Structure formats: structure tokens, C-alpha cells
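Number of protein chains: 2
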Amino acid sequence: MNSKFSKRTNNVKASETREILKVTERPEIISFAGGLPAPELFPVETLKEACEIVLKEMGQSALQYATTEGFNPLRNIIIDRMKALDIEASLENILVTAGSQQGLDLVGKLFIDEGDTIICESPTYLAAINAFKVYDAKFAEVAMDDDGMIMEELEKTLINNPKAKFIYTIPDFQNPTGRTMSLERRKRLIELANQYDVLIVEDNPYGAVRFAGQDLPPVKAFDKEGRVIYLSTFSKIFCPGLRLGWMCANAEFTEKFVAFKQSADLHTNVFAQMITAKHIELHDLEEHVKEIKAVYLHRRGLMLKCIKEEFPEGLKYTSPEGGLFIWVELPSHIDSKELFSKCLENNVAFVPGHPFFPNGGCTNTFRLNYSNMPDEKIIEGIKRLGTAIKSMM
Amino acid sequence: MNSKFSKRTNNVKASETREILKVTERPEIISFAGGLPAPELFPVETLKEACEIVLKEMGQSALQYATTEGFNPLRNIIIDRMKALDIEASLENILVTAGSQQGLDLVGKLFIDEGDTIICESPTYLAAINAFKVYDAKFAEVAMDDDGMIMEELEKTLINNPKAKFIYTIPDFQNPTGRTMSLERRKRLIELANQYDVLIVEDNPYGAVRFAGQDLPPVKAFDKEGRVIYLSTFSKIFCPGLRLGWMCANAEFTEKFVAFKQSADLHTNVFAQMITAKHIELHDLEEHVKEIKAVYLHRRGLMLKCIKEEFPEGLKYTSPEGGLFIWVELPSHIDSKELFSKCLENNVAFVPGHPFFPNGGCTNTFRLNYSNMPDEKIIEGIKRLGTAIKSMM
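As given, the protein sequences belong to chains H and A, one line each in that order.
So for the first sequence, numbering that gives the first Met the number 0 puts the first residue at 0; every next one is plus one.
So for the second sequence, numbering that gives the first Met the number 0 puts the first residue at 0; every next one is plus one.
Calculated from the structure, these hints are not laboratory results.
Treat the hints loosely; a few may be bogus.
Intra- or inter-copy, both count: the list cannot distinguish identical chains.
With a cut-off of at most 27 Å between alpha-carbon atoms, the simulated DSS-like pairs for lysine-lysine come out as follows [as the list claims (entries may be wrong)]: (1) Lys3 with Lys341; (2) Lys137 with Lys6; (3) Lys3 with Lys186; (4) Lys341 with Lys12; (5) Lys47 with Lys315; (6) Lys315 with Lys376; (7) Lys82 with Lys12; (8) Lys82 with Lys55; (9) Lys55 with Lys382.
As the structure is a prediction and not an experimental result, all values here were calculated from the model.
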């Protein structure tokens, strides 16, 4: 049988990381591999109440087809969240998506033609790489330091890639590095984007989960020209299983995203939108986020303390002020894939770093997640990991 | 600002029908335009119970990230539904999607390169046309009669389009025509597909909602080579707002659909999957579908009776044995867009037929929906429509 797959199918292999995550699901393994929020903080009890009220008050419309743009009370909640971040928005700027992952797919659909270049941080979010590869993107990586993307490197990249479609950035507590772009660089980023007339896709799933340091405005807060497409999600501040994210973009872009979304899935689950809006109406979301922050602050602190005690001296690792991840750099002769195999034998896991580099390389890095694990497992897991690293030094 | 949209953006205009549907939402209008199930039949009360049980028994996993393939108990329910239709399937063949619309998008991603030809019924489902146009498809239309796609015409089309990527068909109570492909033609369709080595995409959202005539096996029931990709949905038998559909395909295709779905939205809302599975466990879905069928049978009968009484003699219209739609053919000199404008003045609406023809034409047709309207509105609406048509004869 001639299957005649599309050319783009060659770009989409079963994700290596996905296979890794499957292995790490074995119950005996202490896994720092996933990017899962702490499930014990999910608002299970209060969501029962929200479900009951929504089904009682508007059950028929909660279960019927709905508009592609999203449920207006939820969009208004999103508008308020945007305004609190100094982003002006009205309904014409907001599209509710099936998680911010769908926002990445819609960005790919609207902007990427075969062979187009996307400028991104090095390393960057794996599932964004995959989403853009579906549309045959190429990637120009920009080096980072602890203040995020290095702006001199970005400018060189812009000069070398005058037709780049957009700059993709995760300014807050980046996945995978946990790094945050400094205020100065945010301002410089938008200046450069204006000067070189390039769009910015600001992916900001973690910004609301800052547990240390000072809040910074999103890049879009400095955008006077409507060139920043802002993506965010309820996954990290409420719960990911409901698959609710949003895009905030200029009205022209939003209209086109809506048309593409209509072809992709008609609209986002409206019952999920309604129970989330009802829950936020009844229970202060900021109070809930405070609880999340307190737990993550504690777990990050514990993991860093354990790393300091258990890892060999001289390893580099990040110290995030929010979000879910720590990034570790091994001596250049250690391959984190080999370390991964060794660790699996000792029932501890992480994600090797190389898939986060769209053009390959940097095999001496890995990502650790601290949000999903109780104290005793953090302590024991980092101990096992330290032993494995030492054995390879 | 240089927006640099992708080339595919030219193919995706704000859907004309979408604009039509917006107009018809005005409360004073009797609208036969949408394709909405009867909301008074949604299982609102029993879903409350399912929500409570799911949140009580597995609240944390209902709200956490989940696997792309779908929630296994729901996939097993789907496998049982497939087996009841003589389709052999196991977990490796089933992917839960965000409505069957997402299945269409994934089919586009996996198979369609720029300029590829899709063979389809003439007319065909508008949102499938749009989903495939996102990937720059062209369409070769095959004429239908009351037994569905005409096989002699299909064979000619296959000969003329030897590189066609797949045949797209809605065999049961087709949208927009309400027509059903005969048993003989289903068998011939799979013979031709085998002979000309072409895939079939069988879109079957309505098959379970047959309220008259004899059940027919789906095309996939005759597929010995794994060349039929079968799409269906809980939207017409349970509720559409939860956005739950599925794909049933050979294991190789399914694995690739999973990879594309992962990039598109990570996974389908798992709470929605769990409450649907729980509801089906607790309440017989077939009993519920019986209620739906009884109501639709009645409404279709009433609408056909009214059409017979109120429309001018000699108009052609279909008499569906299931599904949601009746298709009307006007004398060739009447443009259904003009009729639509006239009808809006009289507060009654339908969908003009021409957007269902991917290559244009057939402006003398329109689609009527009967599932969403109480008796008195069917009676009054068809009366107004008849008056408008008569004034244009």
C-alpha cells in the first residue's frame, strides 16, 4: 500500500523525550523528567462545586457547540490578567486555545512557510521546536546567559537572517533552563524587533509562578506596534488537564488565528471554560497561586541544597526564581544520555539536554523538574543522581 | 509592520458560513442554519453525578497532564463501539481527538502536500474543505445521487487523478445532503480504493443516529488492507461541548497522528474523557441515543411534511434516514444567496449551498437543519421559507 505521507511527516519523529518520559513512568523510578505541576494542589474539591453550578445554571450551553473565540466571561478574566501585566487588550485580542501548545501550532500555521527561519533561545522549549518543525521551520539559535538571550548575539542573528519570521522567547523561568530575561534585555528585545521589523512570539506559561525576586513586565508590555504575540495558559496556575490556554495578539492576527483554530478543532471545550471561569469567580485565583508558589519555592530550595551537597564541585546549574525547572551543565566530556542510562539503573531520571537544542549539540546538559516531587524523593533522587555523576567524572 | 503571513493563510478566509451563522444567532430568527444537536436532550443531570464521582475517585489525574493517545477506559469504550460495527481495533488503532474536526486537521497534516488532490463527494462537509485547504489541497468532486457517490464517476476521477492522496467520504446521512451511500457502493468503493491504491478517509459523525431504514456497515468494515481512516465523535450521541472525537486507523498511521497531535495540543482534555467514560459506565449510551433518534425522526418527519405543504411543487429535496440535515435544490435560476437575504428579512435562515462545493457552482441549493428546533418553529419557519421561495419562482 502506498501511504503517500506528506513531506512534513519526515520532520515529526516520535519525540525522543516522549519515549524517555514513558520509561520514567515506572513506579520505582524517582523522576525529575516531566514538567508536571504538583497534583496535590489542584482545586479538586472546589471544582466539584463549580461543575455543579455550571451544569445547574447553564448546563445546555456548557455541552453545546460554542464560538471559536472562547467563552466571553473567561476571555474577560484573561483581559483582566493581561491588564494587571500592563498589556492592553480587549475581546478582539483574545483567543482561548487548547493549552498554549495549540497557540504554538496556530503560530506555525499563520506564519511559517517551508524553510522559514525562526530565531529562538539556545536551548528552547522542545514542544515548540516540534510544533514549528511541523511547518518545516529552520532555527537560528541565540546564546543565553543567566539574564536570558544575549542581545548582541540576537542582533547578529537578525542581521544574518533578514527574513526570519519571528523571535520565539520564553522570558520568565524558561523551559528548559529556568532562566529569566532581565528588564533591560526585554526593552532591548522590543527595540531590536521594531528596528529589524520582526515579530515576537512571547511564550509565557510560568510568569505568574514567580516565588523569588522582583516581578518583571512581559515583553508585550513594551509593544507599541502590535508585533508581540503573547501565549499563556491556566495549566501552571490552575490545572493542565482541562487544556486551557490563550493567545493575546493584535486584532488582525487574532482574526486569522480564529479561522485556523476553527479548522483545527472548531472551539475549545466550553464546559472546561465555564467551570474555570466559575471557579475563578468564586475563589481567588491569586490565593491559589500563592500556595503553588510556596510549595515550589520550598522544593526548588531543597533541590538546590541537595545538588550543592551531592553533586561534584564545579558543575554549573541555574537557580530559578520561578517556574518548574533547573538546568545542569556537566563537564564537556560527560554525555547526559549515557548518564541517563546509568541513572535509570539506579531508578532516578531527568531529561537529557540535547533535544532542547534544535540544531543539536550540548550533550553535556540536562533538565531537572522540582515541582512534582515530595521532599524525601527530592533528597533521595538527587543523592542517586550525584552518585551517578561522580562515577563518570 | 511586515506581517509575513504564510502562503497557506491565503486559503483560509473567515468562513462565509461562519458569518452567516453569526447573523442567524439573532433571537428573532428561526434558524435552520446551524448543525446543532437538540440541547434539551443533553444528559445534564447525570453528568453532574459523573463529574462528582470522577473528581472524588481520580480528581488529581483528571486535572493533570495526560497521555496524547487518550484515556484508556474511553479508548476501550471506543474499541467496543468499533467492534459493534464490524471494525476490528485495539488500543494501537485508537486516538482520542478534540472532536472529529481535529481528526480532519491531523489527516491534512499527515497526508497533504501543497497542491495535492483530495477526491470528495460533491457537495461535501464545509469544515473538511477548510481543514484540507489549510494544507493547500485541491479537490476533485465526484457527483452523487440518492445512493451517495456515483462509483462510475469515482473511477473516472481516480483515473484522472492518479496521485490523489485520499478519497474523503461521509457515507451516512452526509453533511450537507443527508444522503447515505448504498451497501453495494460501499463495497465498490473499497474495491476501487484497493485497485487504485488510494486511501479512504471515512468521516462518520452521524452513523449512530439512524432513525429509519436499515443499518449499514461502515466502509472500514470492508477494509482488509488498513487503508481506511475512520473518524467519529461523541458530539452527536452525547454532547459536542466536551469536544471528544476519535480516529481509528492502522497502527502505523495512528502512531504518526499521535506525534502530530502532541505538537498540536499535547492531549485531549482528560477530565472530559473521564466524565464521558464514567457516564457511559453508569448510564446506557444506547438508551440515550434512542431518545435522540426518536426526537430527530419526529422533527425530520414534521419538516418534510411542512416542506411538502409549503414549498412550490417540483422542488427536489432529500429524505434522510438519520443525521441532522435536509438538502434542497431550487430551480436553476434561483440563487440561494438571494433567497437567504430575502429570508433574513422574514426572520428565517438556512445555509446557502455553494460553499459546500469546493470548486464553486450550484448556487441553487441550500441546507436545512431539523435537529435543533421545536415543532412550532419548524412549522412557522418552513412556512416563511416557502413564501420566500414562491416569491422568487
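Tested hints:
no.	hint	in the structure
1	Lys3 with Lys341	neither (40 Å within a copy, 47 Å between copies)
2	Lys137 with Lys6	both (15 Å within a copy, 17 Å between copies)
3	Lys3 with Lys186	between (47 Å within a copy, 23 Å between copies)
4	Lys341 with Lys12	within (25 Å within a copy, 53 Å between copies)
5	Lys47 with Lys315	neither (45 Å within a copy, 51 Å between copies)
6	Lys315 with Lys376	within (22 Å within a copy, 71 Å between copies)
7	Lys82 with Lys12	neither (40 Å within a copy, 30 Å between copies)
8	Lys82 with Lys55	neither (31 Å within a copy, 36 Å between copies)
9	Lys55 with Lys382	neither (51 Å within a copy, 35 Å between copies)
The structure fails to meet hints 1, 5, 7, 8 and 9 from the earlier list, while all remaining hints are met.
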